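Asker: Here are the chains, one letter per residue:
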Amino acid sequence: MNIVNIMLSGVGGQGILTSGRVLALAALDKGLDVKMSEVHGMSQRGGNVDSHIRIGESVPSSLIPKGGADYLISFELMEGLRYLDYLKPEGRAIISKLKITPLSSNLKKGASYPENIEEMILQKAPKAKLIEAEKIAKELGDIRMVNIILLGAMSKDFTLLEKSNFENAIKQRFSPKVAPLCLKAFERGIENG
Amino acid sequence: MKKLMLGNEAVARGAWEGGVSFGSGYPGTPSTEILEYLVKYDDVTVQWAPNEKVGYEVSVGVSLAGRRALVTMKHVGLNVAADPFFSSSYMGVNGGLVCVSADDPGMHSSQDEQDNRLLAKAAKVLMVEPSDVEECRWMTKEAFSLSEEFDSPVLLRMTTRVCHQTGVVHPEEKIVLPEKKFVKDIPKYVLLPSNARERRHKVEERLKNAMKFGNESDKWNPIFRKGNKIGVITSGVAFGYVYELMSDEASIMKIGLTNPLPLERMKRFAESVEKLYVVEELEPYIEEALKAMGIKVFGSELRPYTGELNLTIVEKMLKGKESTKVTIDLSDAKINQRPPTLCPGCSHRGMFTIFRDMGLKVMGDIGCYTLGAINPLKSMDSCMCMGASVGMAEGLDKFGGEGVSGKTVGVIGDSTFFHSGITGLIDMVVNKSKATLVILDNRLTAMTGGQPHPGTGMDMKGNESPRIDLVELCKAVGVKRVRVIDPYNLEEIKEVLEEDLKAEEVSVIIAKAPCVLGFKVKLGNVVEVNVDLCTRCGKCIRVGCMAIGEKDGYPVIDENLCNGCGVCVQVCEPSALAFKKQN
Chain A
0 MNIVNIMLSG VGGQGILTSG RVLALAALDK GLDVKMSEVH GMSQRGGNVD
50 SHIRIGESVP SSLIPKGGAD YLISFELMEG LRYLDYLKPE GRAIISKLKI
100 TPLSSNLKKG ASYPENIEEM ILQKAPKAKL IEAEKIAKEL GDIRMVNIIL
150 LGAMSKDFTL LEKSNFENAI KQRFSPKVAP LCLKAFERGI ENG
Chain B
0 MKKLMLGNEA VARGAWEGGV SFGSGYPGTP STEILEYLVK YDDVTVQWAP
50 NEKVGYEVSV GVSLAGRRAL VTMKHVGLNV AADPFFSSSY MGVNGGLVCV
100 SADDPGMHSS QDEQDNRLLA KAAKVLMVEP SDVEECRWMT KEAFSLSEEF
150 DSPVLLRMTT RVCHQTGVVH PEEKIVLPEK KFVKDIPKYV LLPSNARERR
200 HKVEERLKNA MKFGNESDKW NPIFRKGNKI GVITSGVAFG YVYELMSDEA
250 SIMKIGLTNP LPLERMKRFA ESVEKLYVVE ELEPYIEEAL KAMGIKVFGS
300 ELRPYTGELN LTIVEKMLKG KESTKVTIDL SDAKINQRPP TLCPGCSHRG
350 MFTIFRDMGL KVMGDIGCYT LGAINPLKSM DSCMCMGASV GMAEGLDKFG
400 GEGVSGKTVG VIGDSTFFHS GITGLIDMVV NKSKATLVIL DNRLTAMTGG
450 QPHPGTGMDM KGNESPRIDL VELCKAVGVK RVRVIDPYNL EEIKEVLEED
500 LKAEEVSVII AKAPCVLGFK VKLGNVVEVN VDLCTRCGKC IRVGCMAIGE
550 KDGYPVIDEN LCNGCGVCVQ VCEPSALAFK KQN
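Residue numbers (numbering that gives the first Met the number 0), protein chains in the order written: chain A, 0 to 192; chain B, 0 to 582.
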C-alpha cells in the first residue's frame with residue numbers, strides 16, 4: 000500500500016486546517032483516497048496545532064507515526080522544529096520563516112524561543128526549505144495567504160497530484176471572490192518552493 | 000458522488016439520510032460539530048440543551064412522539080445524562096433514538112478518558128462504533144433502524160480520531176419513513192417498579208435478539224479472511240491500523256455492533272485461527288468477553304492502558320517490531336511548550352489576576368477559564384467536572400479552617416452555571432453557606448467555539464430567543480447578595496470580592512462582559528511601553544497575555560494582538576504601560 004504522508008503544524012489560528020482541507024480536496028479531485036486527522040477544541044487559544052494527511056489509492060488509517068512523514072509543512076519555525084522528527088530520512092520540510100514567541104511568564108528569564116533556530120532546522124534536516132511566506136503574503140496584500148503559499152511550495156515536487164488538482168481544490172474551498180488571489184498565492188508558492 | 004467530510008459532519012449527514020426529525024445535546028469536544036452540521040438541514044429541528052440530561056430527555060420525548068431523534072455529547076456528558084440513559088433502556092423507543100458519546104482517548108480536551116463502551120454494556124442498550132468517516136454516515140443512518148427494530152436506544156460510540164477525521168463519504172438520499180404517532184402504553188413507558196420488572200425481561204430478550212443479529216451480520220461485523228495463522232478482532236478507529244498493517248497476513252474481524260458483542264461469531268472466528276489478538280483502545284472490553292468464554296487471546300498486555308493507539312504501537316503489538324523509526328534527534332533542541340492561553344482581551348484575565356494576588360482558594364470549573372490554572376496566572380485550585388465549582392466551594396469554605404474559610408470562591412462560566420451550577424447554588428442557599436460564587440458571564444459557551452446558551456438570547460440559527468437573566472435567577476433561588484461587576488476594572492473586582500468574602504451569607508458576583516473572540520469585540524487602543532518608567536517588576540507579564548512579550552528584559556507589546564483591555568495597564572504601578580493615543 001503506497002501512502003504519502005503529509006504533516007502540517009503551526010499555531011492555532013494560522014489556517015492549518017484550511018490548508019489541510021485544500022490538500023485533501025486536491026487528492027479527491029485526482030480520484031484518490033484521503034484521510035486527515037486533526038484535533039479541534041483548543042485551536043483558537045494560541046496552542047500548537049497539527050494535522051495529519053494521508054493520500055493514496057486506499058488509506059485505511061489517519062495518523063502519521065513519528066518518522067513516517069514524507070512532507071512536513073510548518074507555519075512557524077518552532078512548530079517546524081517540534082515536528083521535525085515526524086519526517087522520514089528522505090522526507091521534505093517546508094517551513095515558514097515566522098517566529099511566534101510562546102507566552103512569557105518572566106521578564107528576567109531571557110528569551111523563550113530557541114536561538115539560531117533556522118540553522119538548527121537546517122542542520123537536522125538539510126533539505127528543509129525555509130520560506131518567507133509571510134513576506135510574500137504581505138506582498139499579495141493578504142496575510143491569510145500564507146497557507147496557500149506553503150501548499151504551493153510543497154506542490155512543486157509533489158508528483159502524486161497535478162497542479163490542476165490543487166487549482167480545482169482552491170476553487171472549491173474558497174469563494175469566487177477570494178479564489179483568484181489564492182491561485183496567485185499558489186503560483187508564488189511554487190516559485191519559492 | 001464522493002464528498003469530503005469531517006466524521007462529525009458525516010454523522011449529521013447519516014442522521015438526516017435516516018430521517019431524523021430532531022437533534023439536541025450540549026457542546027463538548029470532540030462531539031460539538033455534529034449538531035452544528037445537522038442544523039444546516041432545514042427539515043430537522045436542532046437545539047442546544049442546557050445540559051446533556053435535558054437534551055437526552057427531550058429526545059426521548061421526541062422518540063415517544065414517533066419521530067427519530069439524535070442526541071450528542073462528549074463522553075463525560077453521558078455521565079450527566081446517565082440517569083435517563085439507563086432508564087430509557089427499559090422503556091425502549093417509539094421513533095428511533097440514537098445517542099452519540101464522543102470519547103476522548105488520550106484526553107486531548109477532557110478531564111478523563113473513560114471508555115463509554117462499558118456504559119452501553121451496563122445500560123444494556125445497543126451500541127455501534129464507526130471506524131472511519133463513511134461508516135459515521137451509514138452507521139448513524141442504520142442505527143435508527145436498529146433502534147426501532149430492537150426497541151432500544153442506540154449508543155453511537157465515537158472517539159476523537161473518528162469525530163475529527165476527514166475522509167471520503169458516499170452520500171445517499173434521505174429515506175421516507177412511514178408516519179408514526181404517540182401511543183399510550185403505560186406498562187412500557189411508566190417505569191413503576193412493577194412495570195420495570197416486566198420491562199427488565201424485554202431488555203434481556205432484546206439483547207439476545209440483537210446478539211443473534213450480530214452473530215449473523217456480515218455488514219456490521221465483517222470478516223476479512225487471509226489465512227488461519229493469525230486472527231485479529233478489532234473495532235472503531237483501531238481497525239484502520241490493523242487493516243493497514245495486517246490485511247496481507249492475518250484474518251481480521253471488525254466489530255461494528257459492539258453491544259451486545261457477537262459472542263458466537265467471535266468464538267467461531269477464534270477457532271478458525273491459530274493465534275488470536277484483540278486490538279482496541281482503552282479498556283479490554285472485547286478481550287474480556289473472549290476470555291470469559293475461555294478463549295486464549297493476546298491484547299491489552301501488549302499495549303499501553305492509556306492513550307490512543309497508532310500504527311507504531313499496533314505494529315509492535317502484532318509484529319513485535321517498528322518499521323517506522325525516528326531518525327531526526329530533537330533531544331538537544333530546547334523547544335518550549337506552547338500551551339493554550341486566554342485570548343488577548345479576554346474578560347477572565349483580570350479576574351484571575353486578582354484571585355491570584357489576593358491569595359484566594361479558587362474552586363474552578365470547565366471552560367476557557369480553566370486556563371486560569373496555567374502559568375503565570377496559576378490561580379485555580381481545582382477543576383473536576385461541569386458545575387462542581389459551586390458545591391466544592393461550599394464544602395471547602397465550610398471546613399477549610401484558617402486561611403481557607405472566608406477566602407474561598409467558586410468560579411464558574413455562565414454556560415456551565417446553566418448546565419449544572421444552579422442546583423449547587425440552591426444547596427449553598429438552603430444549607431447556609433457563606434461562600435462566594437463568581438459567575439463569569441461572557442454570554443457564550445466559549446471553549447467549544449462559541450455556541451449560544453440560555454443566557455445568550457439567540458438560538459442555533461441565530462434567531463432571537465428568550466434570555467435567562469442570571470441576576471434574577473440567582474435572586475429567585477434565594478441569594479440576597481448578587482452584584483454585577485465590570486471584569487476589566489481591577490479595583491472594582493477587588494473591592495467587591497473583599498466585601499463579599501466577609502459577608503455572613505452566600506454572595507454571587509457576576510463578572511459581565513461579552514467573549515471578545517465570539518463577539519469580535521475590540522476593547523480599546525493598543526498599549527505601549529515607556530521603557531524609561533519601567534522597573535522590570537514583571538507584573539504585566541504575569542497577567543499571562545499573548546500580546547505582552549519580553550525583549551532585553553523589558554516588556555514589549557504586540558500591537559497586532561493587543562485588544563486594549565487595559566489589565567496590564569492597571570497592574571503597572573510605575574505607569575510604564577499606557578494606552579496609545581489615537582493618531
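I should point out that these hints are in silico values taken from the structure, not numbers from a laboratory.
This one's a predicted model, so the numbers in the text were calculated from it and none came from an experiment.
Even for Gly, the Cβ is constructed at its ideal location relative to N, Cα and C.
Hints may contain errors.
To be verified - Here are the in silico distance ranges between beta carbons for each label pair:
#1 A/Val177 with B/Met106: 31 to 39 Å
#2 A/Val177 with B/Met292: 54 to 62 Å
#3 B/His169 with A/Glu131: 23 to 31 Å
#4 B/Ser574 with A/Lys96: 34 to 42 Å
#5 A/Glu131 with B/Asn529: 26 to 34 Å
#6 A/Lys176 with B/Pro338: 30 to 38 Å
#7 B/Val483 with A/Lys96: 41 to 49 Å
#8 B/Glu171 with A/Ala178: 42 to 50 Å
Asker: Has the hinted range 34 to 42 Å been met by the Cβ atoms of serine 574 of chain B and lysine 96 of chain A?
Answerer: 37 Å, holds
Asker: Has the hinted range 26 to 34 Å been met by the Cβ atoms of glutamate 131 of chain A and asparagine 529 of chain B?
Answerer: 33 Å, holds
Asker: Within 23 to 31 Å: is that where the Cβ-Cβ distance between histidine 169 of chain B and glutamate 131 of chain A falls?
Answerer: Taking Cβ atoms as reference, histidine 169 of chain B and glutamate 131 of chain A lie about 42 Å apart, which means the hint is violated.
Asker: Is the hinted range of 31 to 39 Å satisfied by the C-beta distance from valine 177 of chain A to methionine 106 of chain B?
Answerer: 37 Å, holds
Asker: In this structure, is the beta-carbon distance linking valine 177 of chain A and methionine 292 of chain B contained in 54 to 62 Å?
Answerer: This hint holds: roughly 59 Å between Cβ atoms.
Asker: Assuming the hint says 41 to 49 Å, is it satisfied by the Cβ distance from valine 483 of chain B to lysine 96 of chain A or not?
Answerer: 47 Å, holds
Asker: Can you tell me whether the CB distance of lysine 176 of chain A to proline 338 of chain B sits inside 30 to 38 Å?
Answerer: 36 Å, holds
Asker: If you check the beta carbons of glutamate 171 of chain B and alanine 178 of chain A, does the distance land in 42 to 50 Å?
Answerer: 30 Å, violated
Hint check: violations occur at hints 3 and 8; the rest are consistent with the structure.
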